[in-house]
Amino acid sequence: MISSDTQEESNLAQGNGLAIINSKAPFSSDFGKDALDVALIFGSFEQKISLFFQGDGVYQLIAKQDGTLVSIKDYLKTFSAFEFYDIEDIYVCQQSLVNRQLDETFHIENVNVLASVEFGLALNRHQHVLRF
Amino acid sequence: MKTLAVVVTTPPYSPLTVTALTYVETALTAGINVIGVFFYQDGAMHANENISIASDEYQAIAQWQRLQQQYQLPLHICITAAEKRGIACDSVDNEQINEAFTVSGLGELVELTTKATRLVQF
Numbered sequence: 002m003i004s005s006d007t008q009e010e011s012n013l014a015q016g017n018g019l020a021i022i023n024s025k026a027p028f029s030s031d032f033g034k035d036a037l038d039v040a041l042i043f044g045s046f047e048q049k050i051s052l053f054f055q056g057d058g059v060y061q062l063i064a065k066q067d068g069t070l071v072s073i074k075d076y077l078k079t080f081s082a083f084e085f086y087d088i089e090d091i092y093v094c095q096q097s098l099v100n101r102q103l104d105e106t107f108h109i110e111n112v113n114v115l116a117s118v119e120f121g122l123a124l125n126r127h128q129h130v131l132r133f
Numbered sequence: 490m491k492t493l494a495v496v497v498t499t500p501p502y503s504p505l506t507v508t509a510l511t512y513v514e515t516a517l518t519a520g521i522n523v524i525g526v527f528f529y530q531d532g533a534m535h536a537n538e539n540i541s542i543a544s545d546e547y548q549a550i551a552q553w554q555r556l557q558q559q560y561q562l563p564l565h566i567c568i569t570a571a572e573k574r575g576i577a578c579d580s581v582d583n584e585q586i587n588e589a590f591t592v593s594g595l596g597e598l599v600e601l602t603t604k605a606t607r608l609v610q611f
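Protein chains in written order, with the numbering used here: chain A, 2 to 133; chain B, 490 to 611.
Be aware that a few hints might be false.
[Claimed, not checked] Pairs of lysine-lysine residues, derived as DSS-like cross-links and limited to a Cα-Cα distance of at most 30 Å, are as follows:
| no. | chain 1 | residue 1 | chain 2 | residue 2 |
| --- | --- | --- | --- | --- |
| 1 | B | 604 | A | 34 |
| 2 | A | 74 | A | 25 |
| 3 | B | 604 | A | 65 |
| 4 | B | 491 | A | 74 |
| 5 | A | 34 | A | 78 |
| 6 | B | 604 | B | 491 |
| 7 | A | 65 | A | 25 |
| 8 | B | 491 | A | 65 |
| 9 | A | 34 | A | 49 |
| 10 | A | 78 | A | 25 |
| 11 | B | 573 | A | 49 |
| 12 | B | 573 | A | 25 |
| 13 | A | 49 | A | 65 |
| 14 | A | 25 | A | 49 |
| 15 | A | 65 | A | 78 |
| 16 | B | 604 | A | 25 |
| 17 | A | 78 | B | 491 |
| 18 | B | 604 | B | 573 |
| 19 | B | 604 | A | 74 |
| 20 | A | 49 | A | 74 |
| 21 | A | 74 | A | 34 |
| 22 | B | 573 | A | 74 |
| 23 | A | 78 | A | 49 |
| 24 | A | 34 | A | 65 |
Hints were generated in silico from the structure; no laboratory data involved.
Let the hints inform the model, and build the full structure from the sequences given.
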């Protein structure tokens, strides 16, 4: 969990850009994959983008999942390419994890776990928001 | 000048699409520069010429078409979303695609987002 003052300030300085909120579990709908496609396109156009995981969306970050077991393409594997696309601002809602009794064990690195208020503040720093 | 871009993710038979249309038309009549509407996820179904909604129900596709003609409002559909929903996008003069819509990719969404002062999703 990163929540030092310097981290907060550097995020503030970056400002605007697009925030994508992921709010759905990974393998019960297309939403996660559709959000990923948008994120990667913005990344490849070198547009600033942050990812937020909230509600059932936090399941997309949980380690040791394999969509192929239920015959779904495992798009979660592609999350490991975020760094390559310069997608570095990744936030997860702590309360959503707590409500689902999930550990802060994620399948990608550099995930910022934020309390509800900080999560909201981080979201508010963006000019545009899309929710999937 | 302030600009607005809109993302529609709901299908033509959804009441939420009515809200989107009302919103966009209100913006247009208020003189707001709506630079485009991007149809993603189930929103791509709007471009499907084969969709037929009972005549006593809200005709969302016809309404989009009207706004496009009246205000030269660009309507973009995401090609990937459209093709996975049975709308063949491979030829230019495709009879399956409603002519009010332009077949675009997610790159168009990037373009709209970077140009728009505000992006609103339905």
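Hints, verified against the model:
1. Between residue 604(B) and residue 34(A), the direct Cα distance comes to roughly 25 Å. Compliance with the 30 Å bound is thereby established for this hinted pair.
2. Using a Cα cut-off of 30 Å, the hinted pair residue 74(A) and residue 25(A) holds, with the two alpha carbons roughly 16 Å apart.
3. For the hint pairing residue 604(B) with residue 65(A), the CA-to-CA distance comes to about 39 Å; that exceeds 30 Å, so the pair is violated.
4. Only pairs whose Cα atoms come within 30 Å are accepted, and residue 491(B) paired with residue 74(A) is rejected, the gap being roughly 41 Å.
5. Pair hint residue 34(A) plus residue 78(A) holds up; C-alpha atoms about 11 Å apart against a cutoff of 30 Å.
6. For the hint linking residue 604(B) to residue 491(B), the alpha-carbon distance of about 10 Å falls within 30 Å, and the restraint holds.
7. Restraint check for residue 65(A) and residue 25(A): satisfied, since their Cα atoms lie roughly 18 Å apart, inside the 30 Å limit.
8. Restraint check: the Cα-Cα separation between residue 491(B) and residue 65(A) comes to about 45 Å, which exceeds 30 Å; the hinted pair is violated.
9. A C-alpha spacing of about 19 Å is found between residue 34(A) and residue 49(A), which places the hinted pair at or below 30 Å, so the restraint holds.
10. A hinted pair counts as satisfied when its Cα atoms are at most 30 Å apart, and residue 78(A) with residue 25(A) qualifies at roughly 17 Å.
11. Taking the CA atoms of residue 573(B) and residue 49(A), the gap is about 28 Å. The hint holds against a cut of 30 Å.
12. Simply put, residue 573(B) and residue 25(A) have alpha-carbon atoms about 20 Å apart, close enough for the 30 Å limit, and the pair holds.
13. For the hint linking residue 49(A) to residue 65(A), the alpha-carbon distance of about 29 Å falls within 30 Å, and the restraint holds.
14. This hinted pair checks out: residue 25(A) and residue 49(A) have alpha carbons roughly 23 Å apart, not beyond 30 Å.
15. Of the pairs offered as hints, the one joining residue 65(A) and residue 78(A) holds, with about 10 Å between alpha carbons and a cut-off of 30 Å not exceeded.
16. Distance restraint check for residue 604(B) and residue 25(A): the Cα-Cα separation of roughly 28 Å lies within the 30 Å cut-off, and the hinted pair is therefore satisfied.
17. Proximity of residue 78(A) to residue 491(B) is assessed by CA-CA distance (about 39 Å); at most 30 Å being required, the pair is judged violated.
18. Between residue 604(B) and residue 573(B) the CA atoms are separated by roughly 28 Å; this keeps the pair inside 30 Å, and the hint holds.
19. Under the criterion of a C-alpha separation no larger than 30 Å, the hint pairing residue 604(B) with residue 74(A) is inconsistent with the structure, at around 33 Å.
20. Distance restraint check for residue 49(A) and residue 74(A): the Cα-Cα separation of roughly 27 Å lies within the 30 Å cut-off, and the hinted pair is therefore satisfied.
21. Between the alpha carbons of residue 74(A) and residue 34(A) the distance comes to roughly 9 Å, so the proposed pair stays at or under 30 Å and holds.
22. Proximity of residue 573(B) to residue 74(A) is assessed by CA-CA distance (about 15 Å); at most 30 Å being required, the pair is judged to hold.
23. Distance hint between residue 78(A) and residue 49(A) is fulfilled; the C-alpha atoms sit about 22 Å from each other, no more than 30 Å.
24. Distance hint between residue 34(A) and residue 65(A) is fulfilled; the C-alpha atoms sit about 18 Å from each other, no more than 30 Å.
When each numbered hint is compared with the structure, violations occur for hints 3, 4, 8, 17 and 19.
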